[in-house]
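Peer 1: Sequence:
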Amino acid sequence: MAKKKQTKSFLQLTKHHVRMAIVPHKKNDYRPHLIRRYGLVAIVFVVAGLQFGYNAATTGSVLGRESTVTISSLLDETNKARNNDGESALGLNKQLSQAAYLKAQDMFAKQYWAHNAPDGTQPWKWFGDVKYNYAEAGENLAKNFSTSGTVVSAWLASPAHRANVLKSDYRDVGFAVVDGVLNNKQTSLVVAMYGQPAESAVAGAETKFSQPPVAMTISPIAQFGLALQSIGPAALGGLVLIALAAGVALAAHAYRRKLPKTLRQSWYRHHGLYKAAGMMSLGVMVIFLSGGGQI
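Numbered per our numbering, the sequence shown spans residues 1 to 295.
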């Protein structure tokens, strides 16, 4: 009997605390504890803790980011996009993969992020270094993406990068995925080299290298969509908590006329709306920081 009473008391206590935390009502002055100052600080710490803990568990560093980008999956995603566009599949070429690897190593060695090196070295140098004779060639770059799907989606969202992925003349592709330190930050680089072998070109055709795509040509909306696609479970958990807080804040705003008189006569009357906007902004920040990348 005593045990049953204890259980009932625990459930009642839990229900009371949950109600005080998330439901606007008279006993909490229509200001749920979750969206009071200490509640908001706790949310920020929990969201950051989830992400840092997940990073440490998956990468060994609290600032690291788990990546599942692989050469085989990049090839699969590329050929899937080409198939959807009615183009033939590209074959993975060992020479081009070696050229891509050399380009990635050069960027880490010389500390730059661009198609052309600071000393003026241009992308087609790497094709020559591995003795890949081409009629046409191109290069795409990406960094700090967590999945191969989002890498290729980012390229497809940029007209110049898209042209390289889908160009009908290309027959071969090589990829490199290389981790290192760039500008004092742990960075994961993806290099793609596309080519049409010289022997497959029409006789007398001009040998040419596609104009390297301009960096960061993706619209902010597309960037957000890509970041949303690549968020991990820790970030997703944080977003659920942030969404809960935003919902509680909006519910509190609906009860603004029942706030204590002193609060109704100050900026605090609309505190729920302000805090909901703040939580939404935090959610967008989490998405951009935990997902996406750069091309």
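Treat the hints as calculated values from the structure; they're not laboratory data.
Warning: the hint list may mix true and false statements.
What the hints assert, rightly or not - Subject to a maximum C-alpha distance of 25 Å in a straight line, what follows is the list of computed DSS-like cross-link-like pairs (lysine-lysine): (1) Lys94 x Lys185; (2) Lys258 x Lys27; (3) Lys261 x Lys27; (4) Lys131 x Lys80; (5) Lys15 x Lys26; (6) Lys125 x Lys94; (7) Lys110 x Lys131; (8) Lys15 x Lys80; (9) Lys125 x Lys143; (10) Lys258 x Lys26; (11) Lys125 x Lys167; (12) Lys26 x Lys110; (13) Lys110 x Lys125; (14) Lys80 x Lys143; (15) Lys143 x Lys110; (16) Lys143 x Lys185; (17) Lys80 x Lys94; (18) Lys94 x Lys143; (19) Lys185 x Lys26; (20) Lys15 x Lys27; (21) Lys131 x Lys94; (22) Lys167 x Lys143; (23) Lys258 x Lys15.
Peer 1: The structure should be examined with respect to each hint, and the outcome stated for every one.
Peer 2: Each hint tested on the structure:
1. Between lysine 94 and lysine 185 the CA atoms are separated by roughly 29 Å; this puts the pair beyond 25 Å, and the hint is violated.
2. For the given pair, lysine 258 sits about 12 Å from lysine 27 by alpha-carbon distance, which is consistent with the 25 Å threshold.
3. Between lysine 261 and lysine 27 the alpha-carbon distance is near 15 Å, which keeps this suggested pair within the 25 Å criterion.
4. Between lysine 131 and lysine 80 the alpha-carbon distance is near 28 Å, which puts this suggested pair outside the 25 Å criterion.
5. Proposed proximity of lysine 15 and lysine 26 is supported: the alpha carbons are some 16 Å apart, at most 25 Å.
6. Distance hint between lysine 125 and lysine 94 is fulfilled; the C-alpha atoms sit about 16 Å from each other, no more than 25 Å.
7. For the suggested pair lysine 110 and lysine 131, the alpha carbons sit about 23 Å apart, so the restraint of at most 25 Å is met.
8. In summary, the hint linking lysine 15 to lysine 80 is not supported, as the alpha carbons are separated by about 51 Å, beyond the 25 Å threshold.
9. For the hint linking lysine 125 to lysine 143, the alpha-carbon distance of about 21 Å falls within 25 Å, and the restraint holds.
10. The straight-line distance between the Cα atoms of lysine 258 and lysine 26 is roughly 8 Å, inside the 25 Å bound, and the hint therefore holds.
11. The suggested pairing of lysine 125 with lysine 167 holds, with an alpha-carbon distance near 21 Å, which does not exceed 25 Å.
12. Annotation: proposed proximity of lysine 26 to lysine 110 is violated, straight-line Cα distance about 64 Å (limit 25 Å).
13. For the given pair, lysine 110 sits about 15 Å from lysine 125 by alpha-carbon distance, which is consistent with the 25 Å threshold.
14. This hinted pair checks out: lysine 80 and lysine 143 have alpha carbons roughly 21 Å apart, not beyond 25 Å.
15. Between lysine 143 and lysine 110 the CA atoms are separated by roughly 16 Å; this keeps the pair inside 25 Å, and the hint holds.
16. This hinted pair checks out: lysine 143 and lysine 185 have alpha carbons roughly 12 Å apart, not beyond 25 Å.
17. For the suggested pair lysine 80 and lysine 94, the alpha carbons sit about 20 Å apart, so the restraint of at most 25 Å is met.
18. A distance of roughly 21 Å separates the Cα atoms of lysine 94 and lysine 143; the hinted pair therefore holds under the 25 Å criterion.
19. With a CA separation close to 50 Å, the supplied pair lysine 185 and lysine 26 exceeds the 25 Å bound.
20. Only pairs whose Cα atoms come within 25 Å are accepted, and lysine 15 paired with lysine 27 is accepted, the gap being roughly 14 Å.
21. In summary, the hint linking lysine 131 to lysine 94 is supported, as the alpha carbons are separated by about 11 Å, within the 25 Å threshold.
22. Between lysine 167 and lysine 143, the direct Cα distance comes to roughly 22 Å. Compliance with the 25 Å bound is thereby established for this hinted pair.
23. With a C-alpha separation of about 23 Å, the suggested pair lysine 258 and lysine 15 falls inside the 25 Å cut-off, and the hint holds.
Consistency with the previously given hints fails for numbers 1, 4, 8, 12 and 19, ordered from lowest to highest.
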